[in-house]
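Start from the sequences and build out the full structure, keeping to the hints where you can.
What follows is the residue order along each chain.
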Amino acid sequence: AQSVTQPDIHITVSEGASLELRCNYSYGATPYLFWYVQSPGQGLQLLLKYFSGDTLVQGIKGFEAEFKRSQSSFNLRKPSVHWSDAAEYFCAVGALYQGGSQGNLIFGKGTKLSVKP
Amino acid sequence: DSGVTQTPKHLITATGQRVTLRCSPRSGDLSVYWYQQSLDQGLQFLIQYYNGEERAKGNILERFSAQQFPDLHSELNLSSLELGDSALYFCASSASQGGTEAFFGQGTRLTVV
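First to last, the sequence lines map onto chains D and S. Just so it is clear: in the first sequence, position 16 is 16 by our numbering, and no numbers are missing. Just so it is clear: in the second sequence, position 90 is 207 by our numbering, and no numbers are missing.
To be clear, the hints were calculated from the coordinates, so they are not data collected in a lab. One thing to keep in mind: the hints can contain errors.
[Claimed, not checked] The calculated lysine-lysine pairs, modelled on DSBU-like cross-linking and capped at a C-alpha distance of 35 Å, are:
{"id": "1", "chain 1": "S", "residue 1": "Lys174", "chain 2": "D", "residue 2": "Lys68"}
{"id": "2", "chain 1": "D", "residue 1": "Lys112", "chain 2": "D", "residue 2": "Lys49"}
{"id": "3", "chain 1": "D", "residue 1": "Lys61", "chain 2": "D", "residue 2": "Lys112"}
{"id": "4", "chain 1": "D", "residue 1": "Lys49", "chain 2": "S", "residue 2": "Lys126"}
{"id": "5", "chain 1": "D", "residue 1": "Lys109", "chain 2": "D", "residue 2": "Lys61"}
{"id": "6", "chain 1": "S", "residue 1": "Lys174", "chain 2": "S", "residue 2": "Lys126"}
{"id": "7", "chain 1": "D", "residue 1": "Lys112", "chain 2": "S", "residue 2": "Lys174"}
{"id": "8", "chain 1": "D", "residue 1": "Lys49", "chain 2": "D", "residue 2": "Lys116"}
{"id": "9", "chain 1": "S", "residue 1": "Lys174", "chain 2": "D", "residue 2": "Lys116"}
{"id": "10", "chain 1": "S", "residue 1": "Lys126", "chain 2": "D", "residue 2": "Lys68"}
{"id": "11", "chain 1": "D", "residue 1": "Lys68", "chain 2": "D", "residue 2": "Lys116"}
{"id": "12", "chain 1": "D", "residue 1": "Lys61", "chain 2": "D", "residue 2": "Lys49"}
{"id": "13", "chain 1": "D", "residue 1": "Lys116", "chain 2": "S", "residue 2": "Lys126"}
{"id": "14", "chain 1": "S", "residue 1": "Lys174", "chain 2": "D", "residue 2": "Lys61"}
{"id": "15", "chain 1": "S", "residue 1": "Lys126", "chain 2": "D", "residue 2": "Lys112"}
{"id": "16", "chain 1": "D", "residue 1": "Lys49", "chain 2": "S", "residue 2": "Lys174"}
{"id": "17", "chain 1": "D", "residue 1": "Lys112", "chain 2": "D", "residue 2": "Lys68"}
{"id": "18", "chain 1": "D", "residue 1": "Lys68", "chain 2": "D", "residue 2": "Lys109"}
{"id": "19", "chain 1": "D", "residue 1": "Lys61", "chain 2": "D", "residue 2": "Lys116"}
{"id": "20", "chain 1": "D", "residue 1": "Lys49", "chain 2": "D", "residue 2": "Lys109"}
{"id": "21", "chain 1": "D", "residue 1": "Lys49", "chain 2": "D", "residue 2": "Lys68"}
{"id": "22", "chain 1": "D", "residue 1": "Lys61", "chain 2": "S", "residue 2": "Lys126"}
[Said to hold, decoys possible] What follows is a list of derived Cβ distance ranges for each label pair:
{"id": "23", "chain 1": "D", "residue 1": "Gln2", "chain 2": "S", "residue 2": "Thr137", "range": "28 to 38 Å"}
{"id": "24", "chain 1": "D", "residue 1": "Arg22", "chain 2": "S", "residue 2": "Gln158", "range": "34 to 44 Å"}
{"id": "25", "chain 1": "S", "residue 1": "Glu199", "chain 2": "D", "residue 2": "Ile9", "range": "47 to 57 Å"}
{"id": "26", "chain 1": "D", "residue 1": "Ser18", "chain 2": "S", "residue 2": "Asp188", "range": "44 to 54 Å"}
{"id": "27", "chain 1": "D", "residue 1": "Glu66", "chain 2": "S", "residue 2": "Gly159", "range": "47 to 57 Å"}
{"id": "28", "chain 1": "D", "residue 1": "Thr12", "chain 2": "S", "residue 2": "Ala131", "range": "38 to 48 Å"}
{"id": "29", "chain 1": "D", "residue 1": "Ser39", "chain 2": "S", "residue 2": "Gly201", "range": "18 to 28 Å"}
{"id": "30", "chain 1": "S", "residue 1": "Gln158", "chain 2": "D", "residue 2": "Leu56", "range": "31 to 41 Å"}
[To be verified] Example chain D residues on the side facing chain S (calculated, C-beta under 8 Å, incomplete):
{"id": "31", "residue": "Pro40"}
{"id": "32", "residue": "Gly43"}
{"id": "33", "residue": "Phe63"}
{"id": "34", "residue": "Asn104"}
{"id": "35", "residue": "Lys112"}
For each residue, glycine too, the CB sits at the ideal point set by N, CA and C.
In structure tokens, the structure reads:
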């Protein structure tokens, strides 16, 4: 069955420090991968997506992620964290439908990011 | 602003009652997805509609149902509510049946008392 694992429930980093949030997936084909961010009381905002091609993808707000098929990973990175990045981050994979298309999202449990001043 | 509108934002109701959550997708999007977010289960996919037809079903209880209307807005009906149904319910829309990014609404916070 398709699944997504985010091993870190909560991460605290200092403002200006680099960030890496881990995501591992279990999938039977080439996945569509996504990172979403949720601020308190808000909906989910798409940060970036990977469908195919270049394995390093750039997103909004200075985030990037790298798809590594050999490690079944899609880790999210940011070189310098800002206080406004404090939020919860969700990794997701597109569920595989019959016929090979991908549809609804399967989410990880999320990683809550706290930023120290 | 994602362009997906959900109403109401908050809903408080008693056990045993029935409620309807409404979602208007982004202009031009044909797919609507419903998700439930709770502390213990995380974000769970409930159901997807594409152009008025049910496309996929996830962990949706029999007490819950949904539909998509000709103008593409969707409603999620929750009946015989239990305390455990308290959660944040998200609607998302995408342009096609799948394989593209989905845009999420702000959610409806349901509290069952």
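Hints and how they fare:
no.: 1; hint: S:Lys174 with D:Lys68; in the structure: holds (30 Å)
no.: 2; hint: D:Lys112 with D:Lys49; in the structure: holds (20 Å)
no.: 3; hint: D:Lys61 with D:Lys112; in the structure: holds (17 Å)
no.: 4; hint: D:Lys49 with S:Lys126; in the structure: holds (28 Å)
no.: 5; hint: D:Lys109 with D:Lys61; in the structure: holds (22 Å)
no.: 6; hint: S:Lys174 with S:Lys126; in the structure: holds (24 Å)
no.: 7; hint: D:Lys112 with S:Lys174; in the structure: holds (28 Å)
no.: 8; hint: D:Lys49 with D:Lys116; in the structure: holds (28 Å)
no.: 9; hint: S:Lys174 with D:Lys116; in the structure: violated (41 Å)
no.: 10; hint: S:Lys126 with D:Lys68; in the structure: violated (39 Å)
no.: 11; hint: D:Lys68 with D:Lys116; in the structure: holds (30 Å)
no.: 12; hint: D:Lys61 with D:Lys49; in the structure: holds (14 Å)
no.: 13; hint: D:Lys116 with S:Lys126; in the structure: holds (31 Å)
no.: 14; hint: S:Lys174 with D:Lys61; in the structure: holds (33 Å)
no.: 15; hint: S:Lys126 with D:Lys112; in the structure: holds (23 Å)
no.: 16; hint: D:Lys49 with S:Lys174; in the structure: holds (23 Å)
no.: 17; hint: D:Lys112 with D:Lys68; in the structure: holds (23 Å)
no.: 18; hint: D:Lys68 with D:Lys109; in the structure: holds (20 Å)
no.: 19; hint: D:Lys61 with D:Lys116; in the structure: holds (19 Å)
no.: 20; hint: D:Lys49 with D:Lys109; in the structure: holds (18 Å)
no.: 21; hint: D:Lys49 with D:Lys68; in the structure: holds (14 Å)
no.: 22; hint: D:Lys61 with S:Lys126; in the structure: holds (27 Å)
no.: 23; hint: D:Gln2 with S:Thr137: 28 to 38 Å; in the structure: holds (31 Å)
no.: 24; hint: D:Arg22 with S:Gln158: 34 to 44 Å; in the structure: violated (21 Å)
no.: 25; hint: S:Glu199 with D:Ile9: 47 to 57 Å; in the structure: violated (27 Å)
no.: 26; hint: D:Ser18 with S:Asp188: 44 to 54 Å; in the structure: holds (47 Å)
no.: 27; hint: D:Glu66 with S:Gly159: 47 to 57 Å; in the structure: violated (24 Å)
no.: 28; hint: D:Thr12 with S:Ala131: 38 to 48 Å; in the structure: holds (40 Å)
no.: 29; hint: D:Ser39 with S:Gly201: 18 to 28 Å; in the structure: holds (26 Å)
no.: 30; hint: S:Gln158 with D:Leu56: 31 to 41 Å; in the structure: holds (32 Å)
no.: 31; hint: Pro40; in the structure: violated (12 Å)
no.: 32; hint: Gly43; in the structure: holds (4 Å)
no.: 33; hint: Phe63; in the structure: violated (15 Å)
no.: 34; hint: Asn104; in the structure: holds (4 Å)
no.: 35; hint: Lys112; in the structure: violated (12 Å)
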